[in-house]
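Peer 1: The listed protein sequences correspond, in order, to chains A and B.
The opening position of the first sequence corresponds to residue 1 in our numbering, with each subsequent residue numbered one higher.
The opening position of the second sequence corresponds to residue 1 in our numbering, with each subsequent residue numbered one higher.
No lab work stands behind these hints: they were computed from the structure.
Note that the structure is a prediction, hence the values are computed from the model and not measured.
Computed cross-link-like contacts, DSS-like style, restricted to lysine-lysine with a CA-CA straight-line distance of at most 27 Å:
no.	chain 1	residue 1	chain 2	residue 2
1	A	Lys161	B	Lys154
2	A	Lys161	B	Lys126
3	B	Lys154	B	Lys168
4	A	Lys112	A	Lys89
5	B	Lys157	A	Lys89
2 protein chains.
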Amino acid sequence: MDEKGYIHLYTGNGKGKTTAAIGLAIRAVGAGKRVYIGQFVKGMHYAELGALKRFPEIEVRQFGLDCFIKNKPTQKDIDAARKGLDAVKLIIDENIFDVVILDEICIALYYKLFEVSEVLELVKSKPSAMEIVLTGRYAPQELIDIAHLVTEMKEIKHYYKIGVEARKGVEY
Amino acid sequence: MDEKGYIHLYTGNGKGKTTAAIGLAIRAVGAGKRVYIGQFVKGMHYAELGALKRFPEIEVRQFGLDCFIKNKPTQKDIDAARKGLDAVKLIIDENIFDVVILDEICIALYYKLFEVSEVLELVKSKPSAMEIVLTGRYAPQELIDIAHLVTEMKEIKHYYKIGVEARKGVEY
Chain A
1 MDEKGYIHLY TGNGKGKTTA AIGLAIRAVG AGKRVYIGQF VKGMHYAELG
51 ALKRFPEIEV RQFGLDCFIK NKPTQKDIDA ARKGLDAVKL IIDENIFDVV
101 ILDEICIALY YKLFEVSEVL ELVKSKPSAM EIVLTGRYAP QELIDIAHLV
151 TEMKEIKHYY KIGVEARKGV EY
Chain B
1 MDEKGYIHLY TGNGKGKTTA AIGLAIRAVG AGKRVYIGQF VKGMHYAELG
51 ALKRFPEIEV RQFGLDCFIK NKPTQKDIDA ARKGLDAVKL IIDENIFDVV
101 ILDEICIALY YKLFEVSEVL ELVKSKPSAM EIVLTGRYAP QELIDIAHLV
151 TEMKEIKHYY KIGVEARKGV EY
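Okay, chain A solo, but in the shape it has when bound:
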């Protein structure tokens, strides 16, 4: 069995990026692994957070405010993301998690809450056996280049186009 860990990237405009990361977390836990989930930009209560609390092997931290960024990020958005990046640095250095998920980190980069060079440095500093999972639309080319596995979640059809609004337990 290969003990090396790899870098995953789930991007694209379709539904399924965060849920794929959560599904991967559940699979990892089932294999006896410990998982850290750091959510950037998000600070609202997502239904999955309650369910994930049942797993002592999964630690979830949110590094966003309680509302989405509108147009331009505020200093508060930037400060929250920066705090998150610092927290993740510590988590990676401490090396107590087998899988580290950085949810919506591509969105944080899209809004320039921090620099892509900082994320590259962070990811490159990972312990060899650690698996890192990055999500979010608008992945910069530098992350695509460094990732070992990249899936584009491509929207073929979305029900918001027929007027379906985001629903608790399905979208959040």
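Since the structure of chain A is provided, determine the placement of chain B on it from the hints.
Peer 2: Using the frame of chain A, we list chain B on its own:
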């Protein structure tokens, strides 16, 4: 709040289809919903099954054999899938689950274990509020047409191309 349930389809050749469905199951449970997961073609132990057992709100059934179909399905593969389809029919009729996930059902169709017309009939028979999630590569056009949300998990880069084999807790 919209009480209507919709049909999701996660297809494509990239990693993330089954994990997205599992993540959706976790999110649904966090919102107090009950989830049924029927896995076609798969009969092996996936690490997530152990972790999902911790949720009394999630029922998982497998309708595949303990090895993948090689080239051509055997009568045993067909019988197992048929049994699964019948079981799912009952589950949908009983209407005790809010979310019904039919994992790898597109692969079952690809191998012609049953007919697409049967799956269409099944899906169309769903109670109005039920959410149905279909996964698997090679989704037939008829399922794309009937689904309200379709995401193609598109492989941009995969680590099996650099020699990484399927790993417990990551791929299974």
